[in-house]
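**Q** As numbered in full-length UniProt numbering, residues 1 to 717 make up the sequence shown, in order.
Since the hints were derived computationally from the structure, they do not count as laboratory data.
All figures in this text were calculated on a predicted structure; none of them were measured in a lab.
One or more hints might be untrue.
Straight-line C-alpha distance at most 16 Å; calculated EDC-like pairs for lysine to aspartate or glutamate [as the list claims (entries may be wrong)]:
| # | residue 1 | residue 2 |
| --- | --- | --- |
| 1 | K318 | E536 |
| 2 | K610 | E359 |
| 3 | K36 | D98 |
| 4 | K113 | E95 |
| 5 | K573 | E609 |
| 6 | K113 | D98 |
| 7 | K610 | E536 |
| 8 | K695 | D669 |
| 9 | K542 | E359 |
| 10 | K477 | D493 |
| 11 | K301 | D317 |
| 12 | K99 | D22 |
| 13 | K34 | D317 |
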Amino acid sequence: MGSIQEAVSITEERVKGVEENDTVYVAVGLNAEKNKKLLHWTTHKFSGNSICLLHIHQPDLVNSFSKAETNVFEYEPKDHATKAFQEHGSQTVHELLDKYILTLVPAGVQASKLLIEKDDIEKGIIEAIAQHNIRCLVMGAAADRHKMGVDSENTPGIVTAPVVLMLDSNTEAKQSEKIKSELIPDVLKYLDSSDMEETENGNSRCSLNAEWSFNSVIARTKLTDLLVHEDDEELQNWRAKEISCRKEVEVQLAREKQDVQEMKNQRDKIICELQMVQDQSSTLRNQMLESKCMVTELEEKIISAVDLLISFKEKRDKLRIEHANAVRKVEVLRKFGEVDTTSSYVVEFPAFSFMEINEATQDFDQSWKIGEGRYGSVYKGLLRNMPVAIKMLPSYGCQNQLEFQHQVEVLSRVRHPNLLTLIGSCAESKSLVYEYLNNGSLESHLACKDRTPLPWQIRISIATDICSALIFLQSSKPCIIHGNLKPSKVLLDANFVAKLGDLGIPSLVQHSMDSADTGTVVCNNSHKHLAYVDPECLVTGKFTPESDVYSFGIILLQLLTGRPLSGLVRDMKCALEMENLKTVLDFSAGEWPLHQTTQLAYLALRCCEKTWLNRPDLVSEIWSVLKPFRTICIDRRQELTSKKLQRAPSHFVCPIVQEVMEDPYIAADGFTYEEEAIRGWLDSGHNTSPMTNLKLEHTDLVPNYALHNAILEWQQL
């Protein structure tokens with residue numbers, strides 16, 4: 001052995017052959033004091049290199065301690081305690097290595113750890129060298145008293161430097177098996193030999209020539225003596241720790257036994273409760289059977305009560321029908337009584353001659369015809385300098401002149417802002433003279449025949465006008481039924497105010513229906529117009545106030561959708577059920593308010609119920625829904641009307657018919673008129689100007705092409 005000075009001089013030198021980028025592996029044991037010195041020496045000797053702490057953990061050593069004390073554990077799971085102890089030991093070693101690493105941090109050394117479990121320390125080190133390609137391994141110096149042959153107590157001044165094992169790293173991966181089979185035995189053999197050559201600086205060097213060779217070996221004692229001697233002092237500490245850990249395990253096992261006992265007690269308690277629940281379940285099952293029997297009895301009673309209720313409803317419906325028939329008979333009788341009492345009363349009502357009617361219609365010129373239906377034809381005419389609409393009733397269905405005149409006088413008393421005004425009549429030709437509305441019928445607007453689509457505000461306003469007229473008619477004494485309500489009978493004035501036409505016409509031609517012996521008053525109607533007729537009326541042949549409600553519902557659906565009659569009710573029902581009303585609305589009318597429009601759609605479907613008892617009342621239900629719209633719609637209607645009047649220049653409007661001219665012609669008085677209007681004026685025998693009332697020099701007319709082109713350009717704006 002060298003002296004203290006030699007050992008110190010050796011530690012001050014840097015081991016040759018170790019490059020700065022190599023990792024230096026340091027074999028450490030459980031003696032903290034020795035390991036700190038070893039780490040201090042290594043960091044000083046190999047400054048700049050990263051360090052990896054290598055520890056060989058012997059699990060069998062812990063097992064031997066556990067097996068030696070198995071008589072202490074009386075609880076059955078012994079393996080569990082042993083395993084827990086092993087895990088505790090391994091955890092303790094990891095914590096110790098972490099502490100070593102922390103001591104290297106202040107020195108600026110990059111440190112890591114490598115823990116290998118092996119029963120044999122020598123084999124563990126050799127295996128680590130082979131697996132991790134260790135090139136430089138540092139181990140603590142062995143103070144083996146037996147090998148030295150010197151009592152360590154008598155030679156305290158002897159200091160041995162750590163062992164540095166240098167290995168060649170040029171070995172390829174394919175030589176790993178050869179290292180295990182050939183080189184490892186050679187290393188063990190070398191470590192067991194005592195012919196280690198002592199160098200001057202106190203380091204032992206050896207070389208091992210094989211496919212994987214050692215460059216330099218500096219050792220002071222055997223590898224086995226080095227590690228075993230270092231761990232001798234710690235075994236007692238391990239044993240003390242093992243005993244402490246075993247006591248902790250015993251305490252834990254005692255707690256587990258107590259928990260198991262508590263779980264058994266809880267199980268017994270749950271079993272008792274389960275038994276009680278089973279007993280209660282049996283009782284409840286019996287009660288449930290009794291309840292089912294009671295439910296069956298109650299269901300039978302309910303069924304019998306429902307049958308009885310249905311029979312009562314049928315009787316009630318029959319009584320209602322009988323009551324309605326009786327009321328109608330009373331009203332008819334009252335009407336006849338009123339006629340008798342008022343027949344002597346003379347009403348000032350214009351009566352026109354057949355010649356005037358003939359002149360007004362230009363000998364019933366077909367170009368002047370504006371409508372034709374089951375109850376006659378309608379002509380546009382100019383009667384007494386006033387544009388009028390003349391209804392020619394069919395001659396085969398009219399009453400005698402006295403009855404006709406009486407019916408006309410009765411109709412002339414019915415006046416309302418939403419009813420077409422009856423101006424006069426002609427008993428000779430059985431014709432009625434009405435005011436002329438230049439915006440035509442609702443039917444033409446819905447079909448968009450040469451007309452722009454109506455905004456939704458105007459449509460709802462039209463619905464309120466129709467409802468107002470029906471309320472007036474049904475509240476009259478006696479009640480008046482229109483009986484022929486459809487879009488072609490709803491006429492619009494210049495302000496888009498709706499007025500019902502053909503009021504009372506069916507009664508004027510009733511004779512023809514009776515003489516035809518058809519059994520109903522509407523069965524000969526066209527299939528298109530039958531859609532507006534109450535289905536009950538088709539069966540009974542009699543109109544009721546609810547018949548007008550049904551027709552109003554169909555018109556309201558057309559105002560909302562703009563669709564034809566076929567499948568209209570069905571499509572609306574499907575849209576409401578699917579909550580997709582937008583798919584059926586007519587969006588040419590603008591953006592409908594969805595919430596309010598949904599209310600109108602449901603109202604229209606209720607009006608279209610096949611049974612009159614299910615239809616809503618005009619005043620309490622229909623009007624209450626439409627009334628909130630009235631103010632908004634009237635304002636919108638006035639706005640549209642004012643815009644239209646503002647946009648139309650006055651010289652575009654015919655002085656006679658007060659409409660924008662389509663074919664403007666210049667007369668002898670210098671004014672421009674609509675061709676049809678001025679020709680009708682002249683052909684009726686007038687030779688004076690409609691504007692100045694002065695005599696015309698001639699009756700020739702000249703087309704005003706300049707004005708015609710200006711009107712066309714204005715209409716295209």
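**Q** Hints first: check each against the structure and report whether it holds.
**A** Checked hints:
{"no.": "1", "hint": "K318 to E536", "in the structure": "14 Å, holds"}
{"no.": "2", "hint": "K610 to E359", "in the structure": "47 Å, violated"}
{"no.": "3", "hint": "K36 to D98", "in the structure": "13 Å, holds"}
{"no.": "4", "hint": "K113 to E95", "in the structure": "11 Å, holds"}
{"no.": "5", "hint": "K573 to E609", "in the structure": "12 Å, holds"}
{"no.": "6", "hint": "K113 to D98", "in the structure": "8 Å, holds"}
{"no.": "7", "hint": "K610 to E536", "in the structure": "7 Å, holds"}
{"no.": "8", "hint": "K695 to D669", "in the structure": "9 Å, holds"}
{"no.": "9", "hint": "K542 to E359", "in the structure": "39 Å, violated"}
{"no.": "10", "hint": "K477 to D493", "in the structure": "28 Å, violated"}
{"no.": "11", "hint": "K301 to D317", "in the structure": "24 Å, violated"}
{"no.": "12", "hint": "K99 to D22", "in the structure": "23 Å, violated"}
{"no.": "13", "hint": "K34 to D317", "in the structure": "114 Å, violated"}
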